[in-house]
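K.L.:
Could you fit the two chains together into a complex? Lean on the hints.
Chains A and B are the protein sequences, given in the same order.
Under numbering that gives the first Met the number 0, the residue at position 86 of the first sequence is numbered 85, and the numbers go up by one with no gaps.
Under numbering that gives the first Met the number 0, the residue at position 327 of the second sequence is numbered 326, and the numbers go up by one with no gaps.
Keep in mind the hints are simulated off the structure, nothing from the lab.
Since we're looking at a predicted model, the values are computed, not measured.
Cβ coordinates follow ideal geometry from the N, Cα and C atoms, glycine included.
Heads up, a few of these hints could be off.
[Claimed, not checked] Taking CB as the label site, the calculated pair distances span:
| # | chain 1 | residue 1 | chain 2 | residue 2 | range |
| --- | --- | --- | --- | --- | --- |
| 1 | A | Ser20 | B | Ala225 | 42 to 52 Å |
| 2 | B | Gln78 | A | Pro72 | 58 to 68 Å |
| 3 | B | Ile881 | A | Gln91 | 58 to 68 Å |
| 4 | A | Gln91 | B | Gly980 | 30 to 40 Å |
| 5 | B | Gln74 | A | Pro72 | 55 to 65 Å |
| 6 | A | Gln91 | B | Arg423 | 23 to 33 Å |
| 7 | B | Asn1018 | A | Gln91 | 16 to 26 Å |
| 8 | B | Thr429 | A | Gln91 | 47 to 57 Å |
| 9 | B | Ala214 | A | Ser20 | 50 to 60 Å |
| 10 | A | Pro72 | B | Gln204 | 35 to 45 Å |
| 11 | A | Asp2 | B | Ile881 | 28 to 38 Å |
[Claimed, not checked] Stretches of chain B that chain A covers, calculated by requiring three or more beta carbons in the stretch to come under 8 Å of a beta carbon on chain A:
| # | segment |
| --- | --- |
| 12 | 994-1003 |
| 13 | 1012-1024 |
| 14 | 1075-1088 |
[Said to hold, decoys possible] Example chain A residues on the side facing chain B (calculated, C-beta under 7 Å, incomplete):
| # | residue |
| --- | --- |
| 15 | Val13 |
| 16 | Phe16 |
| 17 | Asp18 |
| 18 | Gly30 |
| 19 | Ala34 |
| 20 | Arg35 |
| 21 | Pro69 |
| 22 | Phe70 |
| 23 | Leu74 |
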Amino acid sequence: MNDTERSGLRQVLVGYFGDNSTEDGVREMLGVTRARADQHEEYRGLLATALDAARAGDEDVLPVVRQLAPFTPDLTAAAALLAAILTEYDRQYAQS
Amino acid sequence: MAAIAAAGTEGQAALAAAVAEQLATVAATVEAQQAGIEDGVAAQLAAVDSAFGDARGRLLAAIAGAQQQLIDAHQGEQQRLAGWSAETQQQLATGYATRAGEIQSSGVSAGGGVVSAAETIAAGTGSEVGGLAAQARAQGAARAASPGGEDADGAEARAVAAREVAGDTATQISGKLGNTVAELRGLGPETQAQLVGQANQIAMQIHLRLPTVAAVLGETTVGAGAQLSQAVAAGSSSLAAYGSELSTQLTGLQATVMRAIRQQADTAKESVYEAGRQTVEAGQAQHAQAAQAGAALLDGVLAGVANRKIRRAAAAKLSGELSAHVRQGFGDAEQQARVMLAEIAQAFSDTASQALDVLQDSAEQGRQQAAGVAGQGEEAAAGQAGALAAQLSAVAAAATGSGDRMVSGNLATLDQIVADLDTRFGQVLTEFRQSLTQRAGETTGQAREPVGTLDARMTTAMREAEEATHRSWLEKAWDSIPWGTIAGVIVGLVVTIAVVALLGTGIGALIVAGALSGALSAAATTLTDNAVHGRDTNWSDLGKQMLVGAAFGAVGGAIGGGVAGALGGAVERQLITEATAIAAGKAVNVATGATLGIVNNIAAGRPWHEGLLTNIGLSMALSYGPGGRFIEGVTQNARGAMVDSGAAFNVTAAETAASSARMQTRVGSEVEPPIVGAQEGAATPVAEEPVMDMPEGTVMYGDTPLAEAEARGMYQNARRDSPHNEVAVYRNSETGECIVVQGNNEYVDARASTNSAMREFIEGRPGEPGRWDLVEHSHPVDPATGVTLEPHRYPSGQGGDFEVARWQAEQSGKPVEQTIGIVTERGNETVTYGYDPADPQPYSLTYPGPDGAPVTQRFRSMEAYGEWYENQPGTGGGSPHIDAEATTAVAAAPGRETVAELKRRAFEAEARAGELRRGDWAKRAENLRETFEQLEGIASSPEEIQALAAQELAELAALEGEMPPRPPAPEPRPVKLTQEGGLAATEGMQILQADGTLSDPTHGLKKHGPTAPLKWLENLAETNPSGVAARFLDGTVMETVTAEAIAAAQPEIDAFLASNPPAGKNLVLARYEPGLGNLGEGYYKNPATGLVEPIPAGMPLTEVQVILKATGATPPDRAYVIQSTYPALP
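The following block holds chain B by itself, in its conformation from the complex (with noise of 0.2 Å):
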């Protein structure tokens, strides 16, 4: 038993040390497998990383490569575009330089055809009419020779008649030849040199207009330039961003494939070493199993034998055999337990080996993403710079098709010029030689008439030459008198008196007066002339000598006027005595009118002399003596007379008075005398002339629109006809065109909220552009002296003149100089002021010094003019500035208003109630203003008004206290600029859009700036599917309700910006509501009459709209545009 147990005992023990044994193999098979993952793991993640790298490197180079090649092929598009540019100039200024060439030749050679052609057709015409001129010569002589005559007298008389007749014609037909040949021959240099003059003055505009179109073209040239630029710098950027959109793709995705595999690697070390414990674990338990089966074995046999009774010998053998069946048994578990775990190590091995080949596995699709990602990079970056080089192509392309379509057309345009002038050209010389044909072959029929009624006239002559040698000397001086003479000079007197009646004795009226009498001086001396000789009249001669005489007249009437008021100035300095004034401007006069006389001969063909004696003697009994003092006493009176009936111009203040004082002579006692006479200092009672005054407010227009000159025209005589009150002459900054406006005897009112005449003048003229600047204002004269009062000879300062014109410089941007007329005792006198914003002393101020002459002063600012003003004598030392409180408070005064502050309040009213939307309110004001409106001209005092309107008083107050009063107007807010620059700086920008073309122009300004034409407005509201058009009143605010428009939707725009909005995608702003009520003005489509309308003041357009336009940069580079701002109905 012994022996046994002993068995059993080595059994176990080699049992124990084989599981042992087993058991730190399974251990160290583990380790070495977790191992051998961990060296796996290690080299794939290297060689992931080495991919990632790889990949990264390839994108790196891929977006590189792109990025030159953009920058390539930009270079080689500036290059391209350099040169073309070049070129192009080039043609272009050969092409107009060759074209300006061949007008300058086709004028030379136009010019040298009329020159041939004139040459030719006079020489034609001196030869033909010479031949008649000596046919003329040559009968006479012949009739001279053998006279006839019943005496000798006769017959001398005959011959003689026959000579002067002959020679006469022959003169005549001579001097005719003479002069048509010479201006036959003078019209080709002078049609030659109007032909050449006209091709330089078209080559020279060709010549000016280059450089415009030049420089067209350079703008075209730097603006595909500056577009190449912008599009290469956003295409770069687009390509660094996508690059380092797809490298962070990588080094994420290079950061996931790894941790996946650290993950896997972990895990399948974690399973190792998992199915290892369990490997111990069941080794274990199979050891514990097979002791365990070992020691019942071992149990068993013992127990077998200790049950029996054997020998000794029996003992041992069985005791060997049952050992040995003991070790058999414990053997056989030794040999289960190492097979069991050989078998689970070498399961231990295939799981590492899986394992491995799944981290492999991954590693793998991490190396082909990474080449994946890349070559997707690279393919892309090759793709977007392909495309961007495309673009530039196409953007230089472009341009450059522009530019030579631009050339080409402007060539083009020049080679029709050039072919039209040619052709204008021919026809002028086909013209001029017909037209010269055709005088010359007039001027030779003329010639030859006389020589075809020579005959005739000199038998008439002969016969009239003997019977004359039978009359009495009685009837010889008759006819000697030279009646055409005495005719021309009564006539140019009658003329005279009956300008300066009209017109008065300035300067300009003599020259109109010498005119005027010159022409009809030398008609009626011509006239009676060929009347009393029985000649025929050449009407086309005749009008020559008019003009002559107009000429000549109107030249005399300067040179009378002329020394009329230079004699006046000498007797004014004391240099003369009147008396010789007067006898010099008397000897002036005569003089004058002889040489009249002499040239109204001259012209007219007949000696110069004709006549002379007869007109210095005529004209000195007209100006000395008992007639001298009838023709001026004739004159005066009808001056007078003129004056009297207000239809004489140019009125002095001496004639006005004067005129008053005949009226009142002739009224005596029966008229209230409001005017004093401001004549010899004596306050004379005359009567107010017969003219009822312009209503105030009324606005004098044409039907077609006055210029300038008109409306002064206009502006005086509203002036002569209401002289205590002022009026004033306005011009539309946009047309030119002038209306003249009534005004009361303080003021002018052109403002269209106050006055409803001029409303009713700009409603009437929907769309029309323009402000109504001030150009000259009267300031009345006063009823008691007949001139403007000291004070009143100045403009006004604050609140006044200089006001207007300090706002029409700043509106303008330009100095401005605004005229008052006044009546000073030397007559109509004018102040000018004005305003320089570029001078430090920008206020300016022109009057009349004490003796007439002009004095100027600058002032730097309107509280230096008052100082100034109230140390001028005659102001009394007042202010020239308008208090505008005690102006307020005087119109508030209950019951005191004049019709004008009554109509002001009723528009208030109106315009409040528009404010409020209370429909029924805004009525009611406007019935009330309209009532008052018939009280103009009907009611000046405010009896007046009470008596005629107490129940619209009353209504009017009523309607005041309904409606709630107008909120304090807000604090005037700083401006605010939307950009550096503001509005201006990106106005007119376009942007190269996601699809290669370029963006509509930036145009807040354009369209909806304070000077956007109304007219354009009008047209968008018709044509844009919104129906309403509006632009912005006032360009400051415009900038700073856009800027806070910006502001307040800075979110909206962060997260635009953020999406990556593609180039030219428009964003909306919320409407801004900025609380200063309506902000503009412009037109809709009413829907009521499908008619496009101004949008009523009861439509306030209060709110902003701004849209902006993506640039595709990305900040701090400009990420987007305002494409446009406007005002918005809310």
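Chain A on its own, in the form it takes in the complex (with noise of 0.2 Å):
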């Protein structure tokens, strides 16, 4: 990932999420992306690079989502927290 993908993730995982849940966090993000769909690509897209990152070994990702949950202890479990949140994302957005 790149520094303006990297700045980009920890806005949608640090703005969204920091002190809410899963389900909460993706709730307040659809408050902008269901009206803008340039907004959906872009926090969409962050989402899936970081997780094609993650799960190809980019170790970039890790620092990033410890801003989110600084307990995260690697890769994999980065992947996964990401995976989370896409796959609750997703199943929002699809509803809406």
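P.N.:
Structure, rendered in structure tokens:
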């Protein structure tokens, strides 16, 4: 992931999930992305890119995920967290 | 030759004139074409300008129209909302009133039912039982009419006995009947009142609930109205911005189009000019070429002529021919020049025309673009207006839908309450009827029973009566002794002695004694009477008699105690002598006892005067003379034994001293005399009570949360067991639970940071909310005098009691009052002190004056209190304030520390090690602290501490030496607000998001403020993906560091806002580290255990994370809100 993508990922993760449950954080995201296709593409793209990067072993993902969850032990756990958020996002977005 | 030359000259001149004429024509054409192009440009530019002007006009009109559409929609929705609100409020009020009325009617109806039922059943019972009483009397009369008997006395006695037994039975039946019927009848109105009252109460509760529900409804309306206004403002602003943007686009486009047309025109003119110039050059070249050809022709002709020798006539002819030839040549050249230039001029004309066509095309394209932008703007404005109007409608519909659901839900709940109440009242009526019927049946059965045994009892009574006529006087006298009365008096006396021994002679103790002795005395009287007379015991009746006896006994105790207190006061004021007081007190006791006997008789259905004289006689015998002295002696000895054993309550200073004296008398000189008796001013050496002091810092609490009364009981026990040390009651500010903490002879330490027991207590209850607020504490007695020393009969000032009260008041925002238990020469007394932030003299103090009466003072400041304190007799001019510096100096004296101070040093070392992230140092400090904790209760003097823990003391000093000192604390920061009104100004605010929904409320304070429930944070750490949840420790710090974080991220915020973020989009600010150390507390999911645990001290939350949310507005309107702010791990 490049610097811009990491910065964007931090905005998504900390901005919506810093003190929210996954479900509530996604609901808050949808307040913006439901009406703005560009925001949807940006936010979802960041999550998908980060997930792919984490699964591919990109160590740059880990510090960003730890900005949200400081006790994330490794990339596998980071990928699991990102996958959970992305899955929930897709689920709620599909219902909206 | 001359003619030929002249023809040549003529031809040259004609050629030059023709060329000059054509070139002039070309120049004129160029000028004309350029002028034509210029005219065409001006016309096209004017047309373009007009087209763009029209486009702007259309755009402005479209935006204005859309805004007006929005305003109209807004007004419509607001009116709809207002109409709905009024209608719904009316519906709510009517619904509540209707249901409250139904409930009241239900109560009235049920009440009428129970009255009717009671009346019917009572009348039936009265009729049935009345017949039984009449039957009993008739049976007695019949037996008395033919009594039988051995002689006349016997017959007379038998007849009397028969009449008495039958009469008693009839009376008993009638009495029960009368009571029962009256009770049955009375139960109707009584139950009716209860039912009606209950219904009215529920109706009142419903009535009282209405304003709350109506307020919520009103808030829904107001909130929706505000949302509508906000949405309209935002939409209108957005439309204006959109119009402005398109207008700017139009202006730019117009400039571009006009510039292009101008450039095309200039280029065309340049081309025409260039073509003209080239034509001129070509014409001139053509002229030169034609002139040159003409000259060559002339030269050739002349040369030919010159070489020929011809006659004159032939020469003239030849000259004419050749001149014509020359002219023809020049004429051809002239004609050729004319044709060529004419063709060029024609070409100019086409060039200009083509250029004008291009200009017209460009202008037309520009006009079409202008129209297109205007059309696009119109369409977009209409679309936005339509979408916003739909949003407004959705907001209003959501609000009305929510309000409707709330109203219908509330009314449905009320309907359920009405239905439940109807059912319940129906059940009550049924059960009431069943209960009355059962009771009536029992009464009838009870009335029937004596009738059934009447004959047998009359027979027995008649036989005994006849036998009695033959007994001696002694036997008759023995039979007449009221054994029941005597038993009642004795039992009452014994119970009174026991209670007084346990509880003392205060009015409370006397009330308890009166109640117990009244109840047991009644029981003893009845049971003894029944045993003596061979009667069966009705346990239900006995229970009632005991209750009546208890009630009157309690009243008697209160009267006795009150009289005793009043008499004591009268003696103190020398209104009466002590002898008079004692006599009066005893008379009251006798009168009380006699009254109690009468009450017992009435309650038991006996004649009111039965055993009355015996009662009075016994009471007097046990109150006066040797009997009285005996009872006094027994009572005093029993009380003394209780005090000595430590089982007594309400022990006065005098009793403690007397007990000490007795103990000393028992142990002789075996024990050193650490306590000096306070009584009679004599320093009598006595033994210390054999009670082991509770270790300092001990936290006493219950398996179930202690109520304040229970905690105060525990506190009093602790004061009694350890009078030389302080002890305190604390109450949880949220749960109300109370605990008791044992102190030393100077203070009570309930801080978790320095009291390990308190720390363990708190750590054992993770997530429990609230502060532990001080309620009451004691100031210890002086071992030498048995009373609290004069300087300690007031609260300490700065750094002490008053400061605790002030801190609690500031934390709670309410006035605080606390009490101090002290012991004076008059016994236990209380000092009350407090802090009221709303009072100009916030510090208050109420203390017992010289005569024991409370005296109240108020103070503006601690300095004022200090001055007042210094001038009090007995304080020796000292200060009430605790000098922290002096304390520190004493604490720092090496080798002289107390165990508590060593614990504090070890704890500080542990904390410092945590700050330095040195686990090895922290472990060493923890081990030392645990060792020092084990010294508690074992070592008290510095010498003992040295003997037992010299190595640990050295290790502590070494550890402290290894650790770098803590840097000086930063200067306190001035409070800085995040925004006008602080975080609270936008707390809970919701934003109308881009998708038309409302955002989650802003929640910095709610989720992460100092009062956020820890239990909630624990749950959050479990459920949210971050695995951490924390709150700030201090509200002021939270406000300030959040403001600093926002200020530090201002460029980031500006860039965010400049990107025109959609409403609802969040911005995560850069983490901010204010340099204040740990900012918060909370929970985290331990990755090692997978369990949610408190964030340990070794993981300080030193950073701040702030999240903003865009509102969709632009400055100077509020462009963002502070969605959240929380302390974060670095």
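K.L.:
Which numbered conditions among the earlier hints are violated in the structure presented, ordered from lowest to highest?
P.N.:
The structure breaks hints 1, 6, 9, 10, 11 and 23; every other hint is satisfied.
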